[in-house]
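Asker: Residue strings, one per chain:
Protein chains: 2
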Amino acid sequence: MIDNLSKGPRNAISVKEAQQRILSQLHLGGNERIDLSEARGRYLAETILAPHPYPHFRRAGMDGFAIISQDTCGAQTDQPVWLEIVDEIPAGALPSISLESGLASRIMTGAKVPDEADAVVMFEMTEQIEQGGRTTIQIKREIEPGKNITPIGFEIKQDDLLIKEGTRISSGEISVLATFGIHQVLVYKKPVVAIFSTGSELLDIDEALQDGKIRNSNAYMLACQIRDAGGEVIILDAIPDDLQIAKARVTEAFELYDMVVTTGGVSVGDFDIMADLVQGEELTLLFNKVTMRPGSVTTAAVRGRKLLFALSGNPGACFVGCEMFVRPAIGVMQGKDHPFLKEITGILATDFNKINNFTRFVRGHLAYEEGQVLVYPASLDESSVMVTIKDSDCLIVIPPVSQAVPKGQKVQVLLLDGSGIL
Amino acid sequence: MIDNLSKGPRNAISVKEAQQRILSQLHLGGNERIDLSEARGRYLAETILAPHPYPHFRRAGMDGFAIISQDTCGAQTDQPVWLEIVDEIPAGALPSISLESGLASRIMTGAKVPDEADAVVMFEMTEQIEQGGRTTIQIKREIEPGKNITPIGFEIKQDDLLIKEGTRISSGEISVLATFGIHQVLVYKKPVVAIFSTGSELLDIDEALQDGKIRNSNAYMLACQIRDAGGEVIILDAIPDDLQIAKARVTEAFELYDMVVTTGGVSVGDFDIMADLVQGEELTLLFNKVTMRPGSVTTAAVRGRKLLFALSGNPGACFVGCEMFVRPAIGVMQGKDHPFLKEITGILATDFNKINNFTRFVRGHLAYEEGQVLVYPASLDESSVMVTIKDSDCLIVIPPVSQAVPKGQKVQVLLLDGSGIL
Numbered sequence: 001m002i003d004n005l006s007k008g009p010r011n012a013i014s015v016k017e018a019q020q021r022i023l024s025q026l027h028l029g030g031n032e033r034i035d036l037s038e039a040r041g042r043y044l045a046e047t048i049l050a051p052h053p054y055p056h057f058r059r060a061g062m063d064g065f066a067i068i069s070q071d072t073c074g075a076q077t078d079q080p081v082w083l084e085i086v087d088e089i090p091a092g093a094l095p096s097i098s099l100e101s102g103l104a105s106r107i108m109t110g111a112k113v114p115d116e117a118d119a120v121v122m123f124e125m126t127e128q129i130e131q132g133g134r135t136t137i138q139i140k141r142e143i144e145p146g147k148n149i150t151p152i153g154f155e156i157k158q159d160d161l162l163i164k165e166g167t168r169i170s171s172g173e174i175s176v177l178a179t180f181g182i183h184q185v186l187v188y189k190k191p192v193v194a195i196f197s198t199g200s201e202l203l204d205i206d207e208a209l210q211d212g213k214i215r216n217s218n219a220y221m222l223a224c225q226i227r228d229a230g231g232e233v234i235i236l237d238a239i240p241d242d243l244q245i246a247k248a249r250v251t252e253a254f255e256l257y258d259m260v261v262t263t264g265g266v267s268v269g270d271f272d273i274m275a276d277l278v279q280g281e282e283l284t285l286l287f288n289k290v291t292m293r294p295g296s297v298t299t300a301a302v303r304g305r306k307l308l309f310a311l312s313g314n315p316g317a318c319f320v321g322c323e324m325f326v327r328p329a330i331g332v333m334q335g336k337d338h339p340f341l342k343e344i345t346g347i348l349a350t351d352f353n354k355i356n357n358f359t360r361f362v363r364g365h366l367a368y369e370e371g372q373v374l375v376y377p378a379s380l381d382e383s384s385v386m387v388t389i390k391d392s393d394c395l396i397v398i399p400p401v402s403q404a405v406p407k408g409q410k411v412q413v414l415l416l417d418g419s420g421i422l
Numbered sequence: 001m002i003d004n005l006s007k008g009p010r011n012a013i014s015v016k017e018a019q020q021r022i023l024s025q026l027h028l029g030g031n032e033r034i035d036l037s038e039a040r041g042r043y044l045a046e047t048i049l050a051p052h053p054y055p056h057f058r059r060a061g062m063d064g065f066a067i068i069s070q071d072t073c074g075a076q077t078d079q080p081v082w083l084e085i086v087d088e089i090p091a092g093a094l095p096s097i098s099l100e101s102g103l104a105s106r107i108m109t110g111a112k113v114p115d116e117a118d119a120v121v122m123f124e125m126t127e128q129i130e131q132g133g134r135t136t137i138q139i140k141r142e143i144e145p146g147k148n149i150t151p152i153g154f155e156i157k158q159d160d161l162l163i164k165e166g167t168r169i170s171s172g173e174i175s176v177l178a179t180f181g182i183h184q185v186l187v188y189k190k191p192v193v194a195i196f197s198t199g200s201e202l203l204d205i206d207e208a209l210q211d212g213k214i215r216n217s218n219a220y221m222l223a224c225q226i227r228d229a230g231g232e233v234i235i236l237d238a239i240p241d242d243l244q245i246a247k248a249r250v251t252e253a254f255e256l257y258d259m260v261v262t263t264g265g266v267s268v269g270d271f272d273i274m275a276d277l278v279q280g281e282e283l284t285l286l287f288n289k290v291t292m293r294p295g296s297v298t299t300a301a302v303r304g305r306k307l308l309f310a311l312s313g314n315p316g317a318c319f320v321g322c323e324m325f326v327r328p329a330i331g332v333m334q335g336k337d338h339p340f341l342k343e344i345t346g347i348l349a350t351d352f353n354k355i356n357n358f359t360r361f362v363r364g365h366l367a368y369e370e371g372q373v374l375v376y377p378a379s380l381d382e383s384s385v386m387v388t389i390k391d392s393d394c395l396i397v398i399p400p401v402s403q404a405v406p407k408g409q410k411v412q413v414l415l416l417d418g419s420g421i422l
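Keeping their order, the protein sequence lines are chains A and B. Per UniProt numbering, the first sequence runs over residues 1 to 422. Per UniProt numbering, the second sequence runs over residues 1 to 422.
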């Protein structure tokens, strides 16, 4: 039997301290220029300023007639003014005639307003009359200068900040970038993350069930979480409970990939090889105990400039460890300003009766009621529990408490992907 | 000049009515069986029940010793009981010896508890002593039956509902499916959506700027929105302002793809060909006016069993039209129970001063403060405005009002992708 004491005493540190130790090791990933049409979900590696004002020409805001507003001075129902239509300007075309007093151009929404015009009067406010081969319109009220014209730079001035480095590219960003003709963008490369499972109890997910064994679900769950965070994933074969093999496999993964994430083998049990591995010479241990539940045995180490996260094999603890540590690390490597889960204040919707000596991150779900954010803890939130992960869209933060936290109390809440829109 | 009256009068219908007309035309898409590792973000096309209980064996919840709890009856500090260690059970292994009274098995977290044992006592509560070639442990208190054993079916009983058809597959679902060895899943095929832009004013995004023209940003924005909704996208060449060409191109797209979405050309302007096209014989018009802003000219039609959405060319209106109508349509084709944007109640954080005769969907962003959901309307939310789409994570619903809506008022809010986690 292995002497568990050889794994050494563990100094538990706080989640914040653990996150800081990770941040201190991280560096920005490389970048690459890609087509905008492929950029959804990627993170900008450059700050982009407006190459021109937008709109870049004076744009008609309505279908109507471009006019010189002064021509309508004094116009009223019984004293209409008459203007002759001399041009037609579809969107995308340019005015073909210079306007002068007494003239107007038919113009479509989005088209460039003739330079001489300073207002567009909508169709509905005019009456069109054909007389002597000429088309004229009658206007029965004064039109103010600037009416229905979007001025140059109304939305964005030249050199205005368009999008900051580190921004995730979603539909709104794509709209802006396309508008300015930025058809290729510099983005951070997706960190490539190798996932290992450890433990002789693991069956692959397509193997038949065996007594005493469980299927390797964590590797697939982690793959999804890491992709959500913006990483690419390589699932490697599970590591048997053999320290030398584990060392060789992890070393090889460090050569090939940007980050290594393992699940299982971090406790103090007889076969918890990851707990031993991170104490070896090849790695510098960042921490191997965090004052949190689930996931107190979450471990991180560094080799060269690359991080190893050794997460618990318990599904709940593995999930939380990934959200608290791996996700932010992947975010930082892609320039994310706020890489950690967003924290809000919510109102506990039911009593929470468990006593904690560590801060507890309780799976839960958000409900919005009459302008308030209520949070419901999952009925089962032990670290070993898998089934409630899928119904959770937040983690409720319960600090160390010696008595139950009552319904109605304000609590900190960490939002997971899909919060609120599940 | 084209007579705009030929486009006919438009009967404006409510958003709810428009959504109902779309729902009435929709059908579930086809399905396909794919590997679980490829299933992230897809929608289940089958309801899945638990093929076995979970856990499927009595599992040790701690590293410790499996014992027969009755052996500890009467144990106390000055009257310890002694048990002989006869087996060691790592996770994944099976007990090799049947326990009898007076015996115990060293056992690791996650391992199968011997059938004869009914409790696991953690290492820390025992003292281990080697005597006469035998290893014994001393226990100084009574251990209750069931202690540190997770019973069979604790999380899930056989045939319990695991995941309902129509559920989006995220990390939690993947964890459950992998746990039960469901390594392939039946999912709905992604609807393939063709996107057309119309309008002679459009430059492609890699063309140099030209006076009076704008770049085709909507096609790329829509592509991102449709992918977010679970669709696949084909961006087709923009359609020039020619009704016959438009007809031919749209007809061809209906042959090849599951849905057609166009942007631009739906107003009553001289060159608004989509407005004409949906009135032709090839299509059955569902609606061409909705009592909403932006996007009142949003149009939908059907051909055979396929839908055409003709959205406004104004970026803000195009964005909202896609979220309100196209996204739910793609959701329904994939079995989504609640295909519409999630609606919550928020508290208006600033006065909203615009007067509306139609319901207004104002771009905005959520802020969580002390358990409340505040919503801030974007400063620019005209239908033509593009720049505020990127900073919005919700649409604030302002009903027809004849006066300003004051700060502090409760309002309905539709959550967009990324709500809260931006």
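By construction, these hints were calculated from the structure, which means they are not laboratory data. Check the hints yourself; a few may be wrong.
It does not matter which identical chain is used: a pair holds within one copy or between any two.
Below, in silico cross-link-like pairs of lysine-lysine (DSS-like), each with a Cα-Cα straight-line distance of 30 Å or less [unchecked claim]:
1. 342 / 407
2. 407 / 189
3. 354 / 140
4. 342 / 410
5. 16 / 407
6. 336 / 164
The structure displayed is predicted, hence computed values, not measured ones.
Asker: For each hint, tell me whether it holds in the structure or not.
Answerer: Verification of the hints:
1. 342 / 407: Intra 23 Å, inter 25 Å, cutoff 30 Å: intra and inter.
2. 407 / 189: neither (45 Å within a copy, 43 Å between copies)
3. 354 / 140: Classified as between: cross-chain Cα gap 26 Å, same-chain 75 Å, threshold 30 Å.
4. 342 / 410: Answer is both; intra-copy 16 Å and inter-copy 24 Å each pass.
5. 16 / 407: within (27 Å within a copy, 36 Å between copies)
6. 336 / 164: within (10 Å within a copy, 35 Å between copies)
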